[in-house]
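Kindly generate the complete structure, drawing on both the sequences and the hints.
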Amino acid sequence: GQNIDQPTEMTATEGAIVQINCTYQTSGFNGLFWYQQHAGEAPTFLSYNVLDGLEEKGRFSSFLSRSKGYSYLLLKELQMKDSASYLCAVRSRWGKLQFGAGTQVVVTP
Amino acid sequence: GAGVSQSPSNKVTEKGKDVELRCDPISGHTALYWYRQSLGQGLEFLIYFQGNSAPDKSGLPSDRFSAERTGGSVSTLTIQRTQQEDSAVYLCASSLIENEQFFGPGTRLTVL
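Protein sequence lines correspond, in order, to chains A and B.
Counting in my numbering, the first sequence runs from 1 upward without gaps.
Counting in my numbering, the second sequence runs from 1 upward without gaps.
Hint data in this document are derived by calculation from the structure and do not stem from the laboratory.
Ideal Cβ placement from N, Cα and C applies to all residues, glycine included.
A hint or two may mislead.
[What the hints assert, rightly or not] To give an idea of the chain A side of the interface with chain B (calculated C-beta under 8 Å), a few residues: (1) Phe33; (2) Ala42; (3) Pro43; (4) Leu87; (5) Gly95; (6) Lys96; (7) Gly100; (8) Ala101; (9) Gly102.
Quick look at the structure:
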């Protein structure tokens, strides 16, 4: 079966750092994606990991451990506009994405 | 525009009617995906196209749902005899193989 778990909600203050964890158990693995989704909008691509390790992209970093079925998205220097839902998704061999339920990040002043 | 487009943006229909949702992928993207997102829920995979063929239809919830793609471009998702539980946002995405998927703005379907 397929199972992707991430926390439902996280709250942090502006300027802080937040780490969103994602654990997965899937029948096939061909990469892990993080997407950002603001309310009422389509998801937008943030990061992609297919090999173990850390990928850094400006204020956002993503980490993957395939042996542990674990990833995290790190958001640094939080801004109010970062308030959104963050979706962890695992890509199968055929390319379809299996999404977690999303983590709602609330940034407070 | 250069992005994925979908139409209509909103659709309100009566229970039992058929609806067609359209997706125009990014030019040159060979892969096309349909997902749906119910209120407060994660994205649920429906179907995947590579060119005009659909190697993975595993997510279609019932035989009332069907999709086609023509000319390796535009795709339509058809829901027959709509039910209230079909109400959701239907999202289309396209990609080059092995690359990230780009999502369209979605069609919000409401079945009364």
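If you check each hint against the structure, which ones fail? The structure conflicts with no hint, since it agrees with every one listed earlier.
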